[in-house]
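Visitor: Below are the chains, spelled out letter by letter.
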Amino acid sequence: MSFETFAEFIDMGGHGLYVWLSYAIALVVIVLNIVNPLMQKRQIFTEQARRLRREKQAS
Amino acid sequence: MAEKKWMPRWFYQLASPRWCYQITGKLLPIFAVAALILLVGGTAWALIYAPADYQQGNSFRIIYIHVPSAILAQSCYMMMAVAGAIGLIWKMKVADMVAKACAPIGASIAILALATGAIWGKPTWGAWWVWDARLTSMLILLFLYLGVIALNSAIESEQTAAQATAVLALVGLVNIPIIKYSVDWWNTLHQPATFTLTERPAMAMEMWLPLLVMVIGFYCFFAVVMMLRLRNEIIQRERRSSWVRELISG
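Chains A and B, in that order, give the protein sequences. Residues in the first sequence are numbered from 1 upward in steps of one, following full-length UniProt numbering. Residues in the second sequence are numbered from 1 upward in steps of one, following full-length UniProt numbering.
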């Protein structure tokens, strides 16, 4: 381990802000990349299911 | 396709949206688990166990995000261009869909590489941004991604949009070697490549190994989000086919 205490770990030798900001942005980018297509998928499925129901009623 | 089968069988299978949907459904969970393990483990290794750099101290730990994202942003671009070219040459719909799925992912990863680079630059060089060859060519990569996304959404016809973006992506491919060799061709503030598989790494093993884990983790993550987008694209475009109707109503 590179750190003796938790406070040292947070501080990152004075570079805490830079290190944690980088990892936070990475987390945001990763989460958005997963959530965005999943929400899109739900939208496509509801839309297409509605269209199929309409077509069935029409015929 | 029966008349000229001069490519391996999987190449023609890849051309079938239905087959692609099925195979990605099987591959997705495998890559998702791999990405999760590698990224969580790699991050813990990078933040807690890897030693601090003797010159840069702990700000060095940004490398574990910065380098994988910069590598991935370029690989993703190459994949987008190659998929676009396959779509152009063989009129393969799935290849067009792959190219389209690559663009937003690549753009976000390029932003991540630029942002972490800027954040790392502040304590190391004393500046968030310099107009250095490596940084500028990386910024151009982001603009290329944004151009591809804009062009794709501006053209109504899916086929024309795919052709136009494929050409743009292929022209922009010239930027990739420029990014790679920018640190050798010009006097840059940016340090030369730290991560290499072919030569003896320039960094200590205990720093290089977690970086390797993060790079592989980022690639697995890319595979996951790329397949998620590809599957959406397949469903969207094949919505009139019977198998998608069954999938949706079933």
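Keep in mind that the hints were calculated from the coordinates and are not lab data. Here the structure is a predicted model, which is why all the values come from computation and not from measurement. Each residue gets a CB set at the ideal place from its N, CA and C atoms; glycine is no exception. A couple of the hints might just be wrong.
[Claimed, not checked] Here are the simulated lysine-lysine pairs, BS3-like style, with alpha carbons at most 27 Å apart:
1. A:Lys41 x B:Lys26
2. B:Lys122 x A:Lys41
3. B:Lys180 x A:Lys41
[Unchecked claim] Every beta carbon over 10 Å from chain A, so not counted as near; a handful from chain B, in silico:
4. Tyr49
5. Ala115
6. Pro201
Visitor: Against this structure, judge whether each hint is valid.
Guide: For each hint, the structure was consulted:
Between Lys41 of chain A and Lys26 of chain B, the direct Cα distance comes to roughly 17 Å. Compliance with the 27 Å bound is thereby established for this hinted pair. With a C-alpha separation of about 40 Å, the suggested pair Lys122 of chain B and Lys41 of chain A falls outside the 27 Å cut-off, and the hint is violated. Simply put, Lys180 of chain B and Lys41 of chain A have alpha-carbon atoms about 36 Å apart, too far for the 27 Å limit, and the pair is violated. Against chain A, the non-interface label of Tyr49 of chain B is violated: not every CB pair exceeds 10 Å, the least being about 6 Å.
With a least CB separation of 5 Å from chain A, Ala115 of chain B falls inside the 10 Å interface cut-off, contrary to its annotation. Against chain A, the non-interface label of Pro201 of chain B holds: every CB pair exceeds 10 Å, the least being about 19 Å.
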